[in-house]
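Visitor: These protein sequence lines map, in sequence, to chains A and U.
Using this note's numbering, read the first sequence as starting at 2 and increasing by one per residue.
Using this note's numbering, read the second sequence as starting at 1026 and increasing by one per residue.
Errors might be hidden in some of the hints.
Said to hold, decoys possible - Covered stretches of chain U (chain A as the covering partner; in silico rule of three or more C-beta atoms under 8 Å from a C-beta of chain A): (1) 1112-1122; (2) 1178-1185; (3) 1425-1432.
Claimed, not checked - Here are the simulated distance ranges between beta carbons: (4) U:GLU1365 with A:ASP11: 14 to 24 Å; (5) U:VAL1084 with A:MET122: 37 to 47 Å; (6) U:GLN1411 with A:ASP11: 22 to 32 Å; (7) A:ASP180 with U:ALA1197: 35 to 45 Å.
What the hints assert, rightly or not - Residues of chain U placed beyond 10 Å of chain A at every Cβ, according to the derived structure: (8) GLY1053; (9) GLN1153; (10) SER1309; (11) ALA1436; (12) ILE1446.
Hints listed in this document are in silico derivations from the structure and should not be mistaken for laboratory results.
Just so it is clear, CB atoms sit at the ideal spot from N, CA and C, and this is done for glycine as well.
The chain contents come next:
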Amino acid sequence: MLEIKNLHADVDGKEILKGFNLTVPKGEVHAIMGPNGSGKSTLSYVIAGKEGYEVTEGSVTWNGKNLLEMEPDERAHAGVFLAFQYPMEIPGVASLTFLRAALNAHRKARGEGEISIPDFMRKVRAEADKLSISMDMLKRPVNTGFSGGEKKRNEVLQMALLQPSLCILDEMDSGLDIDAIRIAAEGVNGLRSPDRSVLVITHYQRLLNYIVPDKVHVMARGQILRSGGKELALELEESGYAAYGAAEAA
Amino acid sequence: MTVHLTTIGPAVSPAEQRYLDLYAGCAGRLPGARHETVRHWREAALASFAALGLPHRRVEEWKYTDLRTLMPEVHPLAGALPALAADVSIVKAIGEALAELDAYWAVFVDGMFRADLSTVHEAGVAFQPLRASLEGEEAANVPGQFPPLDRDVVAALATAFATDGAILNVPAGLKLDKPIHLIFIASEGAPKLVATQSAIVIGEGAEASLIETHVAAGEAQAFSATRLTVGAGAAVSHVRVNEGAKQLSTASVVLGERAQYDPVQMTTDGALTRAQTRIRFDGSQARCHYAGAMMLRGHAHADFTLVVEHAAESCESRELVKAVVDGRSRGVFQGKVIVERGAQKTDGKQMANALLLSDEAEFDSKPELEIFADDVACGHGATAGQLDEDLMFYLRARGIPEPEARALLIAAFVGEALDKIGDEALRTALQEKVDAWLAH
């Protein structure tokens, strides 16, 4: 279970999260919707442990473990996975090298030995096939020259390989056309399980047509202002965020 | 040209005098000493050294590499007399990655060719050790293969003291099946000065991969010079690796029409590495892609100095240097591109990128363009910075701990300089060198 209590966080000395509270039980999918500038991405970076995001008050625990005390890689080992809004391009590091390093780091943290190359290749091929990612693409440097859709599918591939217990999807639909959203969303749906919690952060409702949440929270000005069922997303699509004191971004 | 030592006069400083004394003390024992032509050739080189002096920071080409402070010493010359062959392990000396690379070897230890360790005679090329050439009846023909290089102290000292080296001819049209690996080792033990020089001619249309590995153990100081002529339409890859103590080397390369030349210069650590490359485009439509990689930590100093001379039309030159500098090390790249009058349609681009891993690390980049033609496209750029924090976070968010994430990104940064190497086994061997450096 993810528990965030009274979370305050600064970026460059400016308070972005202002007493944020959220509980996501095991096995549930929650969506956080909100206008630009509401603090959605900041929330995802704070949970994942990015430098420069300073928590001044409050707590974030995952299955009872205090995430705020951990390094980003330790959080990953504890099951946290942030699918980036803008996945980084890493020139010079082949995707396969990167995936194997990540997988082995998780195994090492669990006290297991490195995965053999044939086992690794089998595993990658199986997951990549489901996401229509070619092995040729994976021989190229991470995300370098990939389209928006390919980058997002690559994030889902990493998720499928690392099997995190908490997935945070930061604006997974941004910059994608409907077909690309569908493929990525199917990948995520394939990972839904009673042991895995998912936090979907999105501006628009359309992603939630594909990844149907158990709960929807509306975030604005660094706080959750309203929570409800999946129908809340449809309501927002109709009325926009104006009612929450924020101008709808174009 | 005949210049006798007596004409140098008393004006030299103590630093230069030590080299003159060294020469005076061993002249009679240098290979070819009985031939007057050879003696004159060496003495002319020594005289040009004395005239230029030991380079220091007020000499523009040596601005960042002051030999008066970095290398004031002059050690006894190794290899002047046939000595007991040193017992060396090539694997230990040059590392597993390069030692396991399948290649024809020409091994030189402490300035002496080691037939017992070499396989170059199997390559189907004409090979003779410099020492044997200088001591044979055709000695008078040797100096002509080593023309003096303008304002080049390293080449001058290599000529004056050379005890051995490779004289290599790859016949026209021959496509070598394996690289030729010239291995120069200055062995452990008492401090010594080692001097070698090589002359390599690649015939028209030939294809060859050359590797020069220079390793100096302990307190050795090594001078080496390579003259390379690449014939019309020939394709040559030329990897030079410098490791260990104090190494000063020059490669002077002349490219014929449509020649393709791909040099890679690589250095890890080392108290002093000065790797000079002079490339002259003599025929049109030739191409040269130079890549340099230096990885320095501790108190290392590495200086890649490059002069590219476009003397013919429609040639293309590219230079990419990647420097990883940690600790209190200093990396230097000087890249001068000269486009002579008439060398129209020259296309030259240069880029130097440095990754500075500590506050005390330093990288100096000095690009120079001298363009005397009007229809050319030339450019240069340089960057220096730290590891990208966003990339570090991305890797760490995937569970990769900080030290491994750093190593991955550094390897990727340096790897760009090695990516262009077409020979996969060679590229892998050099990447393993990078990994070995990172694992330290």
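Visitor: Hint by hint, note whether the structure agrees.
Guide: Here is how each hint holds up against the structure:
With 0 residues having a Cβ less than 8 Å from any Cβ of chain A, the region 1112-1122 of chain U misses the three-residue criterion, and the hint is violated. A count of 0 residues in the region 1178-1185 of chain U with a Cβ less than 8 Å from any Cβ of chain A is obtained; the coverage claim is therefore unmet, three being the minimum. Three residues within the 8 Å Cβ limit are the bar, and the region 1425-1432 of chain U against chain A gives 5, so the coverage statement holds. Checked against the given bound of 14 to 24 Å, the beta carbons of GLU1365 (chain U) and ASP11 (chain A), roughly 60 Å apart, lie outside it.
Look at VAL1084 (chain U) against MET122 (chain A): about 56 Å separates their beta carbons, and that is not inside 37 to 47 Å. The beta-carbon spacing between GLN1411 (chain U) and ASP11 (chain A), approximately 23 Å, falls within the hinted interval of 22 to 32 Å. For ASP180 (chain A) paired with ALA1197 (chain U), a C-beta distance near 57 Å fails the hint of 35 to 45 Å. Distance check on GLY1053 (chain U): its Cβ is at least 54 Å (rounded) from any Cβ of chain A, clearing the 10 Å threshold; non-interface status holds.
A cut-off of 10 Å between C-beta atoms confirms that GLN1153 (chain U) is not in contact with chain A; the least separation is 42 Å. With 10 Å as the threshold on Cβ separation, the claim that SER1309 (chain U) sits away from chain A holds: the shortest Cβ distance comes to roughly 34 Å. For ALA1436 (chain U), the shortest C-beta to C-beta distance to chain A comes to about 7 Å, within the 10 Å cut-off, and the non-interface label is violated. For ILE1446 (chain U), the condition that its CB be more than 10 Å from all CB atoms of chain A holds, with the nearest at approximately 14 Å.
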